[in-house]
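Student: Chain L with the ligand: place on chain V using the hints.
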Amino acid sequence: MMDLKDLTEAIKTGNRTQATSLTQEALDADLTPQSILDAMVVGMDEIGDKFKRNEVFVPEMLIAARAMNESMAILEPSLVKSGYKPLATAVIGTVQGDLHDIGKNLVSMMWKGSALNVIDLGTNVTPDKFVAAIKEHDAKLVGLSALLTTTMPSMKATVEAIKSEELSDVKILIGGAPVTQSFADQIGADGYSPDAASAVDSAHQLLGIR
Amino acid sequence: MNNYERYMGMVKGEQVDYVPRIPILMHYAAKHIGASYADFAGDYNTLVKANIALAEDFGVSQLDIMSDPWRETADYGAEIEYLETTCPQCLKHPLEDSKDLSLLTRPEVGKTTRLTAAIKAIEAYKAYGYKEYSITGWVEGPAAEASDIRGVSNFMIDLIDDEEFACELMDLCVDVAIEFAKAQIAAGADTIGVGDAIASQMSADMYERLVFPREKRLVDGIHEAGGLVRLHICGNTNHILPVAASLGVDIIDCDWMVDVVKVRELFPKNTVIAGNLDPVEGIMESTPEKIHQNFIDLYHKVGNPYFVNAGCEVPMDTPKENLQALCKPIQYNSSI
Ligand code: B12
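Sequence order for the protein chains is V and L.
Numbers 1 to 210, taken from this note's numbering, label the letters of the first sequence in order.
Numbers 211 to 546, taken from this note's numbering, label the letters of the second sequence in order.
Okay, chain V solo, but in the shape it has when bound (with noise of 0.2 Å):
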């Protein structure tokens, strides 16, 4: 039987030629799709420690994250025959007037990673765009990024907006350089996480996941 371990390192290394084949191999060997699943989130998870620890950089991840994304791509039809159904839907962007998308790149590569179903807006992302999206995917999270100061102001903007709107079971999770946890309790937000990989424990925290 073959060891699903080497599809974990074809993914934090990036190789998405292997992992590919090693994913479709793990289907033809008839693995359950949950299982081959799981040994792609370690890899993602484990490459996202290690950016933690500024072991690895930010290519090292994007192309973690490509090899993840195509993996995902062959596995899903087989995930969704099996009764797989995303956590929750999520909705993420840049905030109103920033540009910068890097991190929430990752964030959002590491939450599909993670069983969530993303949807991007992409950035420069304002305040109506994000509620009418939370409606549309009926989504129960919301991550907001900025990197610059004067962008903060458009964060708090956007949190009133989703409150004012009283979707009240969608919770909101903010990161992004300039970001603090006193910044996310002074604009009401639910929570803040400094780096993509604690994102993914915080986003399943504030849903209730584990």
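If you're looking for bench data, these hints aren't it; they were derived computationally from the structure.
For every residue, glycine included, the Cβ atom is placed at its ideal position computed from N, Cα and C.
Where hints are given, some of them may not hold.
Unchecked claim - Distance windows between CB atoms, simulated: (1) S182(V) - P498(L): 16 to 26 Å; (2) S456(L) - S164(V): 50 to 60 Å; (3) A455(L) - P77(V): 45 to 55 Å; (4) I209(V) - D527(L): 52 to 62 Å; (5) S21(V) - R419(L): 44 to 54 Å.
Tutor: Coordinates of chain L with the ligand only, in the frame set by chain V:
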């Protein structure tokens, strides 16, 4: 002693009267003269007017052409949207979907718009205050410009996936940057800033192997043309600075996360260290008294040669009194 003499004196390791101050001001500059950011970035007359106003109103030691990340990229063929209140936005990176270098326009002074505008700005500075103020031109560093041309995530992936292409693209960027720097020096710039922000997001090993040799060629090219080199890499650069120490730059900007005492140990003794209070907590949200005192303490910690500077751009909403405090003269101390 005028601002130019003070600046050059510090660079040469001579005794000066007080410490030069070289804050990075862009959004603040536009706001200070009531101009839109679109004009600040897109019209060189506005850029010149704003920088002269900062020199006159606050005593900034330099006249600067920095306005946004897209000057070269625009001339390489990017689609740029100029916005009223903030930095322009790149709608389409020239090689976002392709690795064909022949699709790029080659930016050239006299032919392409924004490089030419930079030269006109420097000529205007020269007419206004040659040898009264330092005139600082800028070029994008190899990693920054390659990221702007490909889109930053694409280029970060290229560095692992297709090293040969990534290097070829950076080599082109260095060729163009050297030509652009030479034109700026010929027009009157004494210093060329090299901005390579994205270099802080890669490992020290990748930086050393792929980016450092290209930054080095750029630094040598600027020196050959008779300019001083100021390197600015935003963010936490502690891990790459031991490598960058042998670039031979004259001025090293340090962002607020950087250990400046360590930088003094790593870099040649005659390198000017510029920095490094946190632009937000240390400048915008601080008080004039604290800002002045913190710069005095920092100067004594770092020692000569030193320039007063925030870690990075001073935010637009900084109170006027706080910028005045940043620029308040600090006596030169010959015993540090
Ligand atoms: C790359 C970059 C750019 C690129 C952006 C490319 C892109 N597509 O993203 C370009 C060149 C376009 C750019 C432009 C500008 N930039 Co810029 N940029 C950077 C740089 C170098 C890296 C940012 C980055 O991607 N980091 C890597 C990622 C992985 O980290 P991260 O974003 O922090 O994300 C992590 C966490 O914060 C967290 N996280 C992030 N988002 C979220 C969201 C959620 C929900 C959660 C839970 C977590 C989370 O998880 C991520 C992964 O671990 C930084 C400086 C630096 N070296 O840090 C400056 C920096 C952010 N930029 C800065 C500035 C000032 C600008 C400009 C205004 C410059 C100008 N005047 O021209 C413009 C603004 C344009 C705009 N309107 O947005 C300043 C911001 C200062 C401030 N605090 O206000 C910085 C800090 C540089 C500096 N020291 O001054 N920039």
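Student: Take the hints in turn and mark each one as holding or not.
Tutor: Status of each hint after checking the structure:
Roughly 24 Å separates the CB atoms of S182(V) and P498(L), a value that falls within the hinted 16 to 26 Å. For the pair S456(L) and S164(V), the beta carbons lie near 56 Å from each other, so the given range of 50 to 60 Å is met. Between A455(L) and P77(V) the CB atoms are about 53 Å apart, so this pair conforms to the stated range of 45 to 55 Å. Checking the proposed 52 to 62 Å range against I209(V) and D527(L) shows it is violated: the Cβ atoms sit about 39 Å from each other.
The hint said 44 to 54 Å for the Cβ distance between S21(V) and R419(L), and at roughly 29 Å that hint is violated.
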